[in-house]
Each structure stands twice: as C-alpha cells, then as structure tokens.
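Trainee: Sequence:
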Amino acid sequence: MVHASAPVLDVRQLKTSFFSSGGEIPAVDKISFSINKGEILGIVGESGCGKSVTSLSIMKLIPQPPGKIVEGEILLNGEDLVTASERRMREIRGNDVAMIFQEPMTSLNPLFTIGNQMVEALSIHKKLKKSQASQQAIDMLKIVGLPRAEQIMKEYPHQLSGGMRQRVMIGMALSCHPKLLIADEPTTALDVTIQAQILSLMKDLNEQLETAIIMITHDLGVVAEICRRVLVMYAGKIVEEAPVRTIFKNPKHPYTLGLLKSIPDIRDRTERLYSIPGNVPKPGSIKTGCRFAARCEFAYDRCHHESPRLYQQEKGHRVRCFLHETEEIADA
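Sequential numbering from 67 applies to the sequence shown in the working numbering.
It is worth saying that the hints were derived from the structure and are not from the lab.
One or more hints might be untrue.
To be verified - Here are the simulated lysine to any residue pairs, SDA-like style, with alpha carbons at most 20 Å apart:
(1) Lys126 with Thr179
(2) Lys348 with Arg333
(3) Lys103 with Asn143
(4) Lys381 with Ile101
(5) Lys126 with Phe84
(6) Lys315 with Gly382
(7) Lys245 with Gly355
(8) Lys96 with Gly344
(9) Lys195 with Thr179
(10) Lys348 with Arg294
(11) Lys103 with Asp367
(12) Lys353 with Lys327
(13) Lys192 with Arg154
(14) Lys103 with Glu276
(15) Lys196 with Gln217
(16) Lys315 with Val346
(17) Lys353 with Leu339
(18) Lys134 with Lys192
(19) Lys315 with Arg338
(20) Lys348 with Arg361
(21) Lys327 with Gly355
(22) Lys96 with Arg294
(23) Lys192 with Thr149
(24) Lys327 with Lys348
(25) Lys81 with Arg294
(26) Lys315 with Pro347
(27) Lys96 with Gly355
(28) Lys381 with Arg294
(29) Lys103 with Pro309
(30) Lys134 with Asn161
(31) Lys81 with Asn161
(32) Lys245 with Gln217
(33) Lys126 with Glu157
(34) Lys208 with Tyr222
(35) Lys348 with Ile128
(36) Lys381 with Glu276
(37) Lys348 with Gly114
(38) Lys96 with Phe388
Note that the structure is predicted; figures quoted are calculated from it, not measured.
Kindly generate the complete structure, drawing on both the sequences and the hints.
Mentor: So this is what it looks like as structure tokens:
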C-alpha cells in the first residue's frame with residue numbers, strides 16, 4: 067500500500083534515447099521529478115527540449131524502434147512503468163494515467179461517433195454495461211461544459227469545432243477518473259477565448275477530482291494561469307525547478323530569464339521583441355559543458371568544459387547553473 071504522502075508519480079533519472087545510423091541521441095537525459103495528488107506541474111521549454119518525449123515516456127508510447135527508455139524509473143503509485151508489460155500498460159493507460167494531445171483531430175477516430183469512442187473507453191476500463199457507459203459519457207460531456215451532450219454523442223469529430231473537440235478529449239481522458247492527467251500543449255491550436263475556458267475547466271476538474279496534472283507547454287502565460295510548480299527544460303535536461311511564483315519573481319537560470327524576457331509586455335512599446343540568441347541544439351550534439359553555454363550571455367570558460375548539476379537554492383528551488391553554486395543550501 068502506498069503511503070498517503072507518497073507522490074502519485076515519481077520519475078527517477080529517466081533517460082530516453084533515439085537510435086539512428088549516427089548512434090544514440092538522448093532526447094531526455096537523466097531527469098528526475100515527482101508530482102503529488104491534486105498538484106498541477108508545468109513543464110516548459112522550446113520545441114525540441116524533450117518535454118513531449120518525457121510525457122510519451124511516462125505513457126510508454128515512445129515508438130520502438132527508433133526510441134527506447136534506456137535507464138531510470140517511472141514510479142506510478144510505487145509501480146515501475148519502465149518494467150511493466152504492454153498488457154499491463156493497456157490497463158494503466160486511460161484508467162490510471164490519461165493524456166490529452168495538442169490536436170484532438172489526430173486523437174479522435176474520424177470514422178466513429180463521439181459516443182462510440184467514449185463508451186468503448188468506459189466499457190474497457192470500467193467494465194460497465196453499454197447503457198451505464200453511455201449515461202456516464204453524457205454526464206462527462208456535461209461536466210466539461212458541452213451543451214446538448216446527448217446530441218454530441220451521435221456526432222462525428224469533424225462536426226465539432228476545435229474547442230468542442232478538445233473538451234471531448236478532456237471528457238474522455240477524465241471519464242475513468244485517472245490519478246494522473248498529462249496535457250501536452252492542450253490549448254495551442256485554440257483561440258485565446260477558448261484557451262482560457264479550457265484552462266479554467268482543467269483547473270476546476272483538478273480541484274473537484276483531485277487529479278494530478280502535468281501541463282506541458284511552451285507558453286509561460288498558461289503556466290502562470292494554472293500551475294503550482296514548474297520545471298524548465300532545455301536540451302533534454304531540467305535546468306530549473308521552482309514554485310511558479312518563484313520562477314516569475316526570482317528566476318535564476320539564464321535560460322529561464324531569457325524565456326521571461328521574451329514575453330511581450332503591453333506596457334513596454336519596444337520596436338522588437340526580445341529573443342534568446344542562437345537556436346536549440348540538436349539532441350546529443352553537445353558532448354561537454356553546459357548545454358546552454360553557446361547561447362548564454364553569462365557563460366565563462368568553465369561552462370564550456372564542465373556540466374553543472376542542479377544546485378539547491380531556497381525551499382523547492384533548484385537551478386543547473388555554476389553562477390548559483392555558491393548559494394547552494396542543504397535540501398530545504
């Protein structure tokens with residue numbers, strides 16, 4: 067039995083690589099983090115930083131080949147998913163862990179009605195009769211704020227708007243009351259008004275059902291709106307971890323500073339928006355030194371030859387940067 071205060075998910079030293087003719091390319095390189103019941107954790111970073119590969123690793127949906135979880139543990143309520151069989155993972159997916167993808171059109175089957183798809187998930191995981199599953203699906207569609215739920219059950223994905231499809235996806239993901247919900251850029255394809263509604267909905271459902279949520283995004287506005295704690299990823303590594311308020315008030319890693327400076331400010335009418343110089347390195351291309359050194363305005367000689375570890379700052383705040391090595395404190 068898992069102790070009440072134990073995290074829902076505990077990822078330890080996870081390394082996921084892709085293998086090609088050129089050798090091993092680590093997309094996620096020995097990252098560790100955990101999330102507790104009812105918590106919303108944000109994972110932010112530019113495209114290619116490894117955040118989506120992290121989520122697919124947790125779900126064990128990395129295409130094999132060319133991908134593989136090389137080392138580490140993914141503990142869901144104490145059970146290691148890395149060693150779990152595919153049959154066991156089919157039981158876990160949707161039931162204990164659910165995922166919402168960026169574009170619902172690629173996740174919903176265009177050949178089946180919304181009702182068919184929702185009832186199938188409930189029948190498989192909850193072993194409900196068709197009539198019970200159908201009623202539960204209708205209830206879930208109402209919970210996620212869809213009008214005329216009974217009618218929507220008979221409709222096909224193409225008959226719904228993007229925002230409605232995304233609500234259906236959230237309804238499907240939450241219909242089996244998973245302990246953990248992974249949302250990979252769930253609002254990117256939506257306009258701002260619908261985006262705000264979806265975030266508000268996820269926040270409400272998180273409070274009602276106490277589902278732990280991992281919110282994967284490149285948008286710091288989304289993080290500020292919904293998350294309690296945030297991991298900043300760069301080139302397959304966690305470079306900073308802190309409570310959301312700390313990240314916005316007292317960011318310490320030069321990359322986090324750059325991300326925050328890139329956010330447009332309505333009060334500051336500059337000609338050009340700030341952007342971090344250079345590009346995200348190709349996974350596996352940096353063999354020595356800090357991965358951000360080539361783009362960092364504070365980098366010095368040591369940064370190009372040694373890799374910094376995560377230094378503990380104040381409570382719950384860790385940063386992977388030599389500039390803050392002297393500030394390290396015993397784990398608070």
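Trainee: Each hint should be assessed against the structure and marked as holding or not.
Mentor: Each hint, compared with the structure:
1. Lys126 with Thr179: 27 Å, violated
2. Lys348 with Arg333: 35 Å, violated
3. Lys103 with Asn143: 10 Å, holds
4. Lys381 with Ile101: Holds, because 16 Å separates the two Cα atoms, which is no more than 20 Å.
5. Lys126 with Phe84: Holds, at about 14 Å.
6. Lys315 with Gly382: 14 Å, holds
7. Lys245 with Gly355: 38 Å, violated
8. Lys96 with Gly344: 25 Å, violated
9. Lys195 with Thr179: With Cα atoms ~18 Å apart, Lys195 and Thr179 stay inside 20 Å; holds.
10. Lys348 with Arg294: Violated, at about 30 Å.
11. Lys103 with Asp367: 43 Å, violated
12. Lys353 with Lys327: 28 Å, violated
13. Lys192 with Arg154: 15 Å, holds
14. Lys103 with Glu276: Roughly 6 Å separates the two Cα atoms, so the pair holds.
15. Lys196 with Gln217: 17 Å, holds
16. Lys315 with Val346: With a Cα-Cα distance of about 25 Å, the restraint between Lys315 and Val346 is violated, given a limit of 20 Å.
17. Lys353 with Leu339: Violated, at about 32 Å.
18. Lys134 with Lys192: The hint is violated at about 30 Å.
19. Lys315 with Arg338: Measuring from Cα to Cα gives roughly 24 Å; hence the hint is violated.
20. Lys348 with Arg361: This hinted pair holds, its Cα atoms lying about 13 Å apart.
21. Lys327 with Gly355: Cα-Cα ~24 Å, so violated.
22. Lys96 with Arg294: 23 Å, violated
23. Lys192 with Thr149: It is violated: about 24 Å lies between the C-alpha atoms, which goes past 20 Å.
24. Lys327 with Lys348: Distance ~23 Å between Lys327 and Lys348 Cα, so the pair is violated.
25. Lys81 with Arg294: 25 Å, violated
26. Lys315 with Pro347: Status violated; Cα separation ~28 Å.
27. Lys96 with Gly355: 16 Å, holds
28. Lys381 with Arg294: Holds, at about 14 Å.
29. Lys103 with Pro309: Since the Cα atoms of Lys103 and Pro309 sit roughly 16 Å apart, the hinted pair holds (cutoff 20 Å).
30. Lys134 with Asn161: 24 Å, violated
31. Lys81 with Asn161: The hint is violated at about 25 Å.
32. Lys245 with Gln217: 29 Å, violated
33. Lys126 with Glu157: Given that 20 Å is the threshold and the Cα spacing comes to 12 Å, the pair holds.
34. Lys208 with Tyr222: Answer holds: Lys208 to Tyr222 is near 17 Å, not above 20 Å.
35. Lys348 with Ile128: The hint holds at about 19 Å.
36. Lys381 with Glu276: 24 Å, violated
37. Lys348 with Gly114: 8 Å, holds
38. Lys96 with Phe388: 19 Å, holds
Of the numbered hints stated above, those contradicted by the structure are hints 1, 2, 7, 8, 10, 11, 12, 16, 17, 18, 19, 21, 22, 23, 24, 25, 26, 30, 31, 32 and 36, listed in ascending order.
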